[in-house]
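My request is simple: use the sequences and hints to build the entire structure.
Sequence order for the protein chains is A and X. At position 64 of the first sequence (counting the first as 1) the number is 64 in this note's numbering, and the numbers step up by one without a gap. At position 349 of the second sequence (counting the first as 1) the number is 349 in this note's numbering, and the numbers step up by one without a gap.
Keep in mind that the hints were calculated from the coordinates and are not lab data. Only a predicted model underlies this, so the values are computations on that prediction, with no experimental measurement involved. There may be inaccurate statements among the hints.
Unchecked claim - Where chain X lies over chain A, by a calculated footprint (3+ residues, C-beta under 8 Å):
1) 47-60
2) 72-81
Stated by the list, open to error - Some chain X residues judged to face chain A by a derived CB distance under 7 Å, without partners named:
3) 133
4) 135
5) 136
6) 162
7) 163
8) 164
Every residue, glycine too, gets a C-beta built ideally from N, C-alpha and C.
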Amino acid sequence: MRVLATYNIKGGVGKTSTAVNLAYLSSRDGARTLLWDLDPQGAASFIFRIKPRVKGGGKGLVRRKFSLGDAIKGTDFDDLDLLPADFSYRNLDLLLDARSKPVAVLRKLLRPLSEDYDTVILDCPPGISLVSESVMYATDTLLIPLIPATLSLRTFDQLTDFVTRIEDRPPSLAAFFSMVDRRKKLHRDVVAAFTARRGDVLQTTIPAASVIEQMAERRAPVPVFAPRSTAAAAYVSLWAELR
Amino acid sequence: MSDVTAYFAADDSDPTGFWSVPDALAPRFSVQQSLARRVRRVWLDTDDWLLHKAGVVLEQNDSADNGLRLVLQHADGREHMQPLNVITWPARIDALAAGHVRSQIENIVGIRALLPVTAIESQHRDLQVLNADLKTVVRIAIELAPGVQGRRLPDQLSVSAVRGYQDQADRVIARLGTVKGISPVEVSLYEQALSAAGRAFCDDDPEPVRLTGSMPANNAVIAVLNGFLSTVQRTLEGVLGDIDPEFLHDFRVAVRRSRSTLKLAGDVLESGPAEQLGRDLKWLGDLTSPTRDLDVYILGLPDMAAGLQSAKPADLDPFRRYLLAQRRTEFRRLVRALRSARFRHALEHWRALGVLAEPSDPGHVVGAGKLAAQRLTQAHRRVTRRGRSIGPDSAPEALHDLRKRCKELRYLLEIFRPLHDPATHRAALRDLKGLQEVLGEFQDAEVQSQAVREFAATMISTRSAPAATVLAMGELAAQLSAHQRHARTEFAASFAAFDSADSRTRFRELASGSPA
Ligand SMILES: Nc1ncnc2c1ncn2[C@@H]1O[C@H](COP(=O)(O)OP(=O)(O)OP(=O)(O)O)[C@@H](O)[C@H]1O
Ligand SMILES: [Mg+2]
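Right under this line is the structure:
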């Protein structure tokens, strides 16, 4: 079982869009895939037409009264399941804080699923919190969407620094540019300068595209309703780099 | 992932029941239908139903749109799939490409081949049941005009809950219960197809031999021999087809046990036919040994290769090829013999012996219980007497001889099991098995290390072994000798356990508990 998570301190950078499309592409390859919607807003759950409700809420999970397996819902796609968000996840920080080893909680919760899934993708809320920290302890690969602005560079450097301080098994970082408009000179310049400075940015960039915005309306991953779009091709190529 | 939770069948009188399913589910649910497509399914299992016994169902599914796939369904309804290349059944697990299905069944089936159990063809249609958010919550599969070997089964409908939506599935099932022209059925399509083909799960498992303590001893022995005969007949096809190594193994076990039965209790039978069968069985035993021995080496090679210290596992490849070539030769010889008139005659003798005693002669009856008690006591005494005389300096032959006596005791225990108290029987068997394992390891290791040396010598003389292979084989022989030494050091303790007061009491109880 390989665990990936989309993460960025900043909101609205394409974390959910990426998590949803990559989870779909993973399952399309025949890998048994689970998408865990950790954002109390429930954007990923909404796209799959699944109600953002988990029996027992965040409390039930963190205190281990309910297991993750009981809350899992099948999506409309073969080999793709979803663990819905719950409104109570907004208190997840406090709940974790009450545990003796808060950062280890998510990893422990996922362990029993390791026989059932090949790929798990976590969709995180923005911000830095105990939740995001425990995500870092639970994942093999942290996927970081960067928007082409000079500030992104600083955030990425800080995150790299933070992650290297995780003992035992720090996740690998996979940053890529998201919402790129090739017509804008600023975007082209930032992408070029950034890639020159940090060799570890992924090749694929996700373009700013209206089909991606349409996901919320169509309630489906992009390759399902716009298989021939450049956006779909970009997600396919991103997944190929990560696989 | 979804979970099959209910089956329905169309009534013969009204084949239109399925058409009203969408109406019956409205307005809470809406239904989306796929086009009908022709599907052919072949259900697979091992000869001894290992998949069924493990609670899983394996099916080869062939349709125009999905192609050829293997579908594995777990007891909890979860399904796994993997695409399949064209394959002919029976096939062993290593003939399958790596995939989700293979990885889940390889530990269950081991070295046994997958055989087609039954097949069905139907027009298949999928219905997706959607909730108000247009999310699929339940899946319905419809099989129209399913046919098994020219027989038609009623149209079928099965309901599966999408994971996490069992409550919605329960509603759907309740609504379907109100639809005219369809009624719930208890069993899956697989089970229906099986019974339409005149079969049932585990129907070819051997029937237990029925013995009672008061039945005449000769009839008891004949019943036991008939049980073995039916195993020999049942496994023959698998042996000839070389379907998997277990067929030959089971065949040989039946032959060997029959021989022991004759040796240990054959004196209650008419002597002429019994002696003839004894000669036939010896011939069959000798005939099947070379192929089986080679099977044992070939199956054990990966483990032995993994234990190599200095040589590389690949160094053994020429040895493996040599073993496979030898086996091909020996197997051809075996097949010729099993197709010969001599084998046919042997089976005829065996069958004839089975009928002989049907009208039992109440004049001079010894009861089966008495016979069992007497022979068990004798065999047990032989084992303890020989075992006690073995000391740290005894020759290996003394242990080999003890192993044979233990086997005799074991056969008697198994033959007369139906006469014994199950708990005492199990405990006695456990005592004996511990000792047998040590003796078995002691002798097998010796025989095999000897054989590896002989193989090496032959391969050198025929120039089919590079130096690296000979060196690796030397390591194998050393490994085996180490096993043997280890087994020798374990002997004293395992015999002491067998010869403990508790264990002796158990054997006495078994002997006295068999009513005369
Ligand atoms: N490449 C893109 N092109 C155009 N619009 C995009 C793109 N990626 C995301 N969007 C849109 O931007 C908005 C935010 O995207 P998304 O929800 O994926 O980001 P997020 O990082 O998960 O946000 P949040 O931090 O709120 O969880 C959405 O309306 C989405 O449709
Ligand atoms: Mg989001």
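Problem set entry | Earlier hints that do not hold, by number | none
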